[in-house]
Amino acid sequence: MIRGIGDRTMAYDTSTVIFSPQGDIIQLEYARKAVEKGATALGIRAETFIVLAGIRKESKLIEAPKKIHKIDSHIAATAAGLQADTSALVKRARIFAQIHRLTYDEPIPTATLTNQLGEFLTNYTLVGGLRPFGTSILLGGMSSAPADLFMVDPGGAIFKCKAVAIGQNAEAANNILKQLPKATFSKDDAIKTAKEALQQSIVDPEQETINIAIIDATGIVHIA
Amino acid sequence: MIRGIGDRTMAYDTSTVIFSPQGDIIQLEYARKAVEKGATALGIRAETFIVLAGIRKESKLIEAPKKIHKIDSHIAATAAGLQADTSALVKRARIFAQIHRLTYDEPIPTATLTNQLGEFLTNYTLVGGLRPFGTSILLGGMSSAPADLFMVDPGGAIFKCKAVAIGQNAEAANNILKQLPKATFSKDDAIKTAKEALQQSIVDPEQETINIAIIDATGIVHIA
Amino acid sequence: MIRGIGDRTMAYDTSTVIFSPQGDIIQLEYARKAVEKGATALGIRAETFIVLAGIRKESKLIEAPKKIHKIDSHIAATAAGLQADTSALVKRARIFAQIHRLTYDEPIPTATLTNQLGEFLTNYTLVGGLRPFGTSILLGGMSSAPADLFMVDPGGAIFKCKAVAIGQNAEAANNILKQLPKATFSKDDAIKTAKEALQQSIVDPEQETINIAIIDATGIVHIA
Amino acid sequence: MIRGIGDRTMAYDTSTVIFSPQGDIIQLEYARKAVEKGATALGIRAETFIVLAGIRKESKLIEAPKKIHKIDSHIAATAAGLQADTSALVKRARIFAQIHRLTYDEPIPTATLTNQLGEFLTNYTLVGGLRPFGTSILLGGMSSAPADLFMVDPGGAIFKCKAVAIGQNAEAANNILKQLPKATFSKDDAIKTAKEALQQSIVDPEQETINIAIIDATGIVHIA
Amino acid sequence: MIRGIGDRTMAYDTSTVIFSPQGDIIQLEYARKAVEKGATALGIRAETFIVLAGIRKESKLIEAPKKIHKIDSHIAATAAGLQADTSALVKRARIFAQIHRLTYDEPIPTATLTNQLGEFLTNYTLVGGLRPFGTSILLGGMSSAPADLFMVDPGGAIFKCKAVAIGQNAEAANNILKQLPKATFSKDDAIKTAKEALQQSIVDPEQETINIAIIDATGIVHIA
Amino acid sequence: MIRGIGDRTMAYDTSTVIFSPQGDIIQLEYARKAVEKGATALGIRAETFIVLAGIRKESKLIEAPKKIHKIDSHIAATAAGLQADTSALVKRARIFAQIHRLTYDEPIPTATLTNQLGEFLTNYTLVGGLRPFGTSILLGGMSSAPADLFMVDPGGAIFKCKAVAIGQNAEAANNILKQLPKATFSKDDAIKTAKEALQQSIVDPEQETINIAIIDATGIVHIA
Amino acid sequence: MIRGIGDRTMAYDTSTVIFSPQGDIIQLEYARKAVEKGATALGIRAETFIVLAGIRKESKLIEAPKKIHKIDSHIAATAAGLQADTSALVKRARIFAQIHRLTYDEPIPTATLTNQLGEFLTNYTLVGGLRPFGTSILLGGMSSAPADLFMVDPGGAIFKCKAVAIGQNAEAANNILKQLPKATFSKDDAIKTAKEALQQSIVDPEQETINIAIIDATGIVHIA
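Top line first, the protein sequences correspond to chains C, A, W, V, G, Y and F.
In terms of this note's numbering, the first sequence is residues 67 to 290.
In terms of this note's numbering, the second sequence is residues 67 to 290.
In terms of this note's numbering, the third sequence is residues 67 to 290.
In terms of this note's numbering, the fourth sequence is residues 67 to 290.
In terms of this note's numbering, the fifth sequence is residues 67 to 290.
In terms of this note's numbering, the sixth sequence is residues 67 to 290.
In terms of this note's numbering, the seventh sequence is residues 67 to 290.
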């Protein structure tokens, strides 16, 4: 084969079960590109609550799917990436949560659910004939104080976050999130920051609205 | 390999389990091309009813398959794309609906059925050795007020729609659908708009007729 | 790879589980070529009877396989395409018919059998490592009035037909079939038209004869 | 890939599950080449008997395998093609015959056995990862009057024959077989014609002998 | 692909499930090359005994594996080809022999064992993802008079032999074997001829010795 | 194919089930590259304790995952490489430890756990369609005196270590570890050396901190 | 594909299930290269004892794995090649030995164990999707007099040895082993010869030591 220039040639980027000479799984990086093209989503964690927010794209004819997904009475999720993959992953999360309830008769800890989803996603990168999911998911949960916020990437890597934005313009949104005070802040502050961080990614205000939800000890409340 | 110019070369477009460097699953886009070549179909949702309509191509010798498919007593579907794939998907939808009736002794909610079909279709894009379905389906259901209208694309992505057209000339048809009043409108208005939206895609009126059905609280009525 | 000119290059035509950039499954089109090379077959539907007919090629030494296949006491089939594939499909149709009889204790409706065969054929185009059947089948049945005539293509697409010819010179034969009166016509008229439509495809009358069967409420009668 | 000239290039001829643009399964044609290189075999059918004959190649050190194989007390077979494939197919035929005897307590009709072998061979052309058998088989049976003679090709296609020769020089042998009278003929006539048809394919009479068997109502008799 | 000259190019020789345009399974021919590189082995059959003989290569440090393998009390084998494949095949033969004894309570006929091994080897050429065995085996058995000598090649083809040599210089050895009298001969004559046929293939008499065994009604006797 | 210069061309480096002509499994070397890019981790073994340490990368928004993982009450692990792979491997180690406890009612010996992990990893290099894990793991355990320190590489090779660093700048860190006295040393000495060895790999002290744990007869103590 | 010069081109060397035109399984030869790069190991057999010896590479930080592995109380092994593969093979040998003890209540004969390992390794070369083991193993056992010494290569071929060295500089070591007296020799002589044969392969005496074990009727004794 004659290929283009550069060291990321075709040989190494058409399967998740092939490492490149640099030790990368390039298909995974391409899956992350699908995430970067998804509508922006973010999460903010405080001691006693989590704010999840994301941009919902609507048209005159098509109601956008909700950007924030309830997983269980105490855990919600938002995601950036391929819509169908997100749906499949959210469904999987709900099943994991229900299995836990049925087995242990108590709500699943957010960290446990995150680990299960991470392992589920990693398997799609270890075995041939599958593709990684083209979505990153943020899980906000209030299983016990303090509140938990996790991000799981397409390869199943898990990150415990104070605040994080994913999807289009994630970097700019993250820069705004960094301005949150280290000390405690109110729900209103968090919501205001979330809106600000997402606002700049909105191109067509008529078709793009912001969805916001708060998860605290009383459950999940959809603000917008 | 020496390939043509452009960044969508063969390496990335021959399998659903390969992401392109841009984060796209190109085989899925090709499957959508099969949809765009299918005879136009559309749906219009009101509070208390759904109108499904589509172009049925007939010849002197061959009766076209019906363009609107009954899924259950309260849900109908129309689709654009490969005929055989549509048949297989419609059959699958009927099975999902019957399983729900047998399990819960009540009609399947339209959203539930849509989620099941979406997940079914997504699996065909996650696992190697399969191809995505070359069809998009519109599901109109009256499980409880208000009426539901969903579109599921070949990758299993789900869209909740107010009104939407798919297939040949979908864009032109959608432009007409956008002119529907935001407020309530009568069944006659909806039918008239549906006809108008489809009329422009008809090239040979002798061989192409319009099929229309209304789903409301009383069931499914085939108008034409 | 360096390939010939034209946009249907090898990348997309060696598997049924790959869409071309135009949204086509090219292997399916090649399978249809196998049909077009098969000896001509046709069907004509009236209210109360079906005529199936086809050209049977014989040589001095080899008796041609019969061109019309009994599926059940009320359904017959004729086909164009690869002989071995036709045999396998006919056998499958007989099994479907018997399963129905054993399960429901009544003859299988022609439409039901057609749907089962269509789904069977579609599966060969959805899963990797298989090839589509290189045959199209015409099913004529008298399960209840009116009589049914269906055509199933290699991809499993189903067409309800008034009259249709498949195989070599199908277009010319179809032009003759179109001259059948829209109103009712007698069995003799149908047989005469069938013979006329096939006659023109006969090159060597010594080795090619016409097989004809009529399916009506009394069963299947082989005319020739 | 850069290939030779001509439209049967490598892309389409390395798998039985790929159709060429002309609608052919080229691997099957190559398997038929293996048949054409096999030692000549033939069969002749009369009302009350079948003659099977074939050329057996021997050397001073190696006894050739018998050219005519007993399948059951009333059915024999001869074949042209790869020796190992013939053995496997003959063994399979014997198993089918025994299963029939055990299940129905009567000898298997020749046509039934032929259909089973045809379906068995067709499956090797429908599923990936297998190759077609490189052998054609002639089955002569006396299950009930009249006698049956069938030929099954590597793809599983079945031909009911009056007389037929396969393998090396099959065309020349067939020309002699065509001179058999249409009306009845004696066993001696059939044997004489069989010898004549094979004689011309014998290059080295010391190493090539003719095997002949007659199947009639009394069973199988090996003449030579 | 650009390839070397000649009609046996790469496309057809990398799998046993691909026929070349000439109807050959080229991987099988390559497997036979492995046989031709193996140390010479031969067998001679008389009415009442079989002589098996072969060249055993030894070095000062490594004892060669025995060249003649006992399969059962009345059957022995010798082989040419890959040592590990021969071991696996011999083990398989012993298992077949034991299964027969356990099932029927009598020694396995040599022809039965040969057929089972042939079928076992043929399967490795019919199914993808396997390779043919790189060994040919000679089976000499005294199940009942007269004695049997069979050769099975890597593709599973079976040859009933009077006398045959395989492996290095097989042709020269076979020329000597042809000089055996057609009429009866003594064990001593057979042994002498076997030694003579192998002697010419011995290059280094210090490292290559001849193994000989006689199988007759009394069992297997290792002469050397 | 035309390839770059050098003897590690594409043919041999895209699968773990292919050896290069030099006898290397090149995909395994690429997986080791993923290890070399991971944040540095190290272990130091004394008679009565193990020190594990590693660099934890944090950002203002994302809490890094802990660098030292508890496997059981007497065994801890640290690793360098892909985060998701490390998580999956750590989870597997915990399962192995629990299975041992449940089966034998005693803590798993560190060497036993290491062997099980090594075998688990080796299987991912022996079978096609999988990729090796992109992580190396250090296991420190106090099952019985003396303490154990093992390193397992991506191919499952096991090394019993006195002290070892893996990941970024491993070589420089190892040079510092070599300066540890051969004779006994105190926990404080070990911790000081560990810090010193890691310190030089820290580029951004604000985002990179050092995690340290001591495993001794009393259990696992996280120092930092 | 355009390839380098020489007849061992890529087509034939990327799978164990492909023979080259010369009848070789080239992947197996590459696996043997992995053996040739492994640290030298050797075995010497006398009537009443076996000496196994090998070079163990150590560094200041990493204790080398032991070079001689106990399989059962009467069998030990040493190997050259990939460490992880050796571990897996040694584990397998221990399992075979234990199964034999449990089944027959007696120690496994060395030849039996060797045959089982050979067959195990051969299977990895017969089936696609696996790679051969990159290790050769020497098995020394004292199941009954005389003592046994076997070598099994990556393809599963078995060699009964008087004395043999494998791995780096095997040829030079073998030349020294050849100087052992043909008649009996003492354990001390064998140990001295083993040391001498290995000594020349030692480059860095600080990091490379010699391991020696004697297996005799009393069991396994590690000398060094």
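Incorrect hints may have been included.
[Stated by the list, open to error] Reference excerpt, derived from the structure (chain W facing chain V, CB under 8 Å, subset only):
1) Tyr-96
2) Ala-154
3) Asn-181
4) Glu-185
5) Arg-197
6) Gly-200
7) Lys-261
8) Asp-270
9) Pro-271
It is worth saying that the hints were derived from the structure and are not from the lab.
Keep in mind the model is a prediction, meaning the values are calculated, not measured.
Glycine is no exception: its CB is placed at the ideal position from the N, C-alpha and C atoms.
Okay, the hints, checked on the actual structure:
The closest approach between the C-beta of Tyr-96/W and any C-beta of chain V is roughly 4 Å, which is under the 8 Å cut-off, so the hint is satisfied. Here the hint on Ala-154/W is kept, as its CB sits about 5 Å from the closest CB of chain V, short of 8 Å. Contact between Asn-181/W and chain V, as hinted, is not supported at the beta carbon level, the nearest pair being about 21 Å apart and thus beyond 8 Å. The closest approach between the C-beta of Glu-185/W and any C-beta of chain V is roughly 16 Å, which is over the 8 Å cut-off, so the hint fails.
Below 8 Å, beta-carbon pairs count as interface contacts, and Arg-197/W has one with chain V at about 4 Å; its hint therefore holds. Interface hint status for Gly-200/W: upheld, as the beta-carbon distance to the closest one in chain V is roughly 7 Å, under 8 Å. With 8 Å as the threshold, the beta carbon of Lys-261/W stays out of range of chain V, its nearest partner Cβ sitting at about 24 Å, so the hint is violated. Proximity of Asp-270/W to chain V is violated relative to the hint, the smallest CB-CB distance being about 15 Å (cut-off 8 Å).
Because the closest C-beta pair between Pro-271/W and chain V is about 18 Å apart, greater than 8 Å, the hint is violated.
Violation of the numbered hints given earlier is confined to hints 3, 4, 7, 8, 9; the remaining hints are satisfied by the structure.
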